[in-house]
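**Student:** Counting from 1, one number per residue, gives the positions in the sequence shown under this note's numbering.
Be a bit skeptical, because a hint or two may be false.
[Said to hold, decoys possible] With a Cα cut of at most 25 Å, we get these calculated BS3-like pairs of lysine-lysine:
#1 Lys52 - Lys27
#2 Lys33 - Lys52
#3 Lys162 - Lys33
#4 Lys33 - Lys43
#5 Lys34 - Lys52
#6 Lys27 - Lys43
No lab work stands behind these hints, which were simulated from the structure alone.
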Amino acid sequence: MLYVFLVLITLYLLGNLMLFHAWIHRKISSLLKKRNLEQIEAKMELVYSGLKALRGNRRSIVLALLLSLLIQLLTVVMVWIAALAIDIDAPFRVFMIFVPLINLSIMVPLTINGIGLRESLFYLLFSQIGLPVETAVSLSLVTFCLYLLTAIPGLILYSLYKKEEHLDKMRG
């Protein structure tokens, strides 16, 4: 399992290199076209174009980075509080390391919404500090439920305003 985790991190880092370095981007783009993966290449090109447009706007980049860090920190705090609620007494620094790694790993679309992968990673990582498998999986399921609960307001808003003109007004 650790091997899979390291492969996922490597793929993530290579993906970032591809998005931020023009030469690597061109090489991977041509490789995807040769392998008849035009849909993936088109999506990659969209992301690359958006990032390229942001290069001159440092304020937007810094703001996005700060908001991302805040969201990650709040996620760590949420998992830590959930752990305290089910009587897991682990240092906060452990959560500061494990939770971002787990969140990064479940972004890779291997399973639907990271189900199964998340539980495995919670067990793999939290067993390193002596947490039993049942407790680690319980923490994973509790936090998954919390993630779903925090998504409900967005689901309600989207359901009410799913017409494109409504969404355009909300975007500004």
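**Student:** Looking at the structure, which of the earlier hints fail to hold?
**Tutor:** Structure breaks hint 3 only.
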